[in-house]
Amino acid sequence: MMPDHWGYVFAAYCLTAAAVLGYWRHLVRRRRALDARLRRVKAVVPGKAAIR
Amino acid sequence: MSARATRILGGLALLALATGLAAGFGYAPREAIQGNVQRIMYIHVPAVLTAYLAFGLVLVGSIGALATGRMGWDRLAGAAAELGVLFTAVTIVSGSIWGKPTWGTWWTWDARLTSTAVLFLVYAGYLLLRAMVDEPERRARIAAVVGIVGAANIPIVHFSVKWWRALHQPSTILGPESSPIAGPIAAALFVNWVAFTLLFLYLLLRRVELARLEDAWVPETRR
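Just so you know, the protein sequences line up as chains A and B, in that order.
Position one of the first sequence corresponds to residue 3 (my numbering), numbered consecutively onward.
Position one of the second sequence corresponds to residue 1026 (my numbering), numbered consecutively onward.
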């Protein structure tokens, strides 16, 4: 029987969590940046930047 | 889908992931030969099944975009491709981490591993191509062609272990024969597969909504 290698198990789960959380955070940040830009454009040209 | 429904789906995905962890570490027993390192399979297998689903949706979205010219199909294909690349990366890295203690190597040019790496590169290229073309309609047409051609690699990855002599084990699920996996291990795999699918759907909805916003007003502000 093979030894347990918990370090490998821990590494696989942690890297997966980091990848998924990193992608989710990227989506949240991108959404916030888009919303902020939309608010700025609306402030400069009211009614012009309405989302189609 | 409304923002509230997306949030509910996110909550369900989180709950399913927690259940998956409990099933993988609490319910499923220590594997008789591999020991606890086999628990990596509870992320490796659901990740590759999720990647197949994602690339399948790229194919559907690409055909829809070419057939109808509607940008919604293109946004679906683009979002699914991004997630497919993410889950393929998880598949490759988790498989490599499992391979080191089990096979004695991080990587080998086995048919399954190589075809999965090619799948990853094809769709990474697809995303690069999308990023290089600014005009949405032109981007949709070009990306759709690559999305359709790229899908040919999915059956090659899946059947590679049958077609070529490979170090990677043959398919134990989605194979022609009944699965030889013990009940509790199969149950833990199933729970984690459901969790990964819910997570994928949640992230897909968020990415599609983001793409809709980008397409809707970014060109307006470029003028």
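It is possible that part of the hints are untrue.
Computed far set for chain B versus chain A, every beta-carbon distance over 12 Å [to be verified]: (1) 1029; (2) 1058; (3) 1065; (4) 1164; (5) 1167; (6) 1212; (7) 1221.
Selected chain A positions facing chain B (in silico; Cβ < 8 Å) [claimed, not checked]: (8) 4; (9) 8; (10) 16; (11) 17; (12) 20; (13) 22; (14) 23; (15) 27.
Read the hints as simulated data drawn from the structure, not as lab findings.
Just so you know, even glycine gets a beta-carbon here, dropped at the ideal spot from N, CA and C.
Against the structure, the hints come out as follows:
| no. | hint | in the structure |
| --- | --- | --- |
| 1 | 1029 | 16 Å, holds |
| 2 | 1058 | 6 Å, violated |
| 3 | 1065 | 5 Å, violated |
| 4 | 1164 | 17 Å, holds |
| 5 | 1167 | 23 Å, holds |
| 6 | 1212 | 19 Å, holds |
| 7 | 1221 | 9 Å, violated |
| 8 | 4 | 5 Å, holds |
| 9 | 8 | 6 Å, holds |
| 10 | 16 | 10 Å, violated |
| 11 | 17 | 6 Å, holds |
| 12 | 20 | 10 Å, violated |
| 13 | 22 | 7 Å, holds |
| 14 | 23 | 11 Å, violated |
| 15 | 27 | 11 Å, violated |
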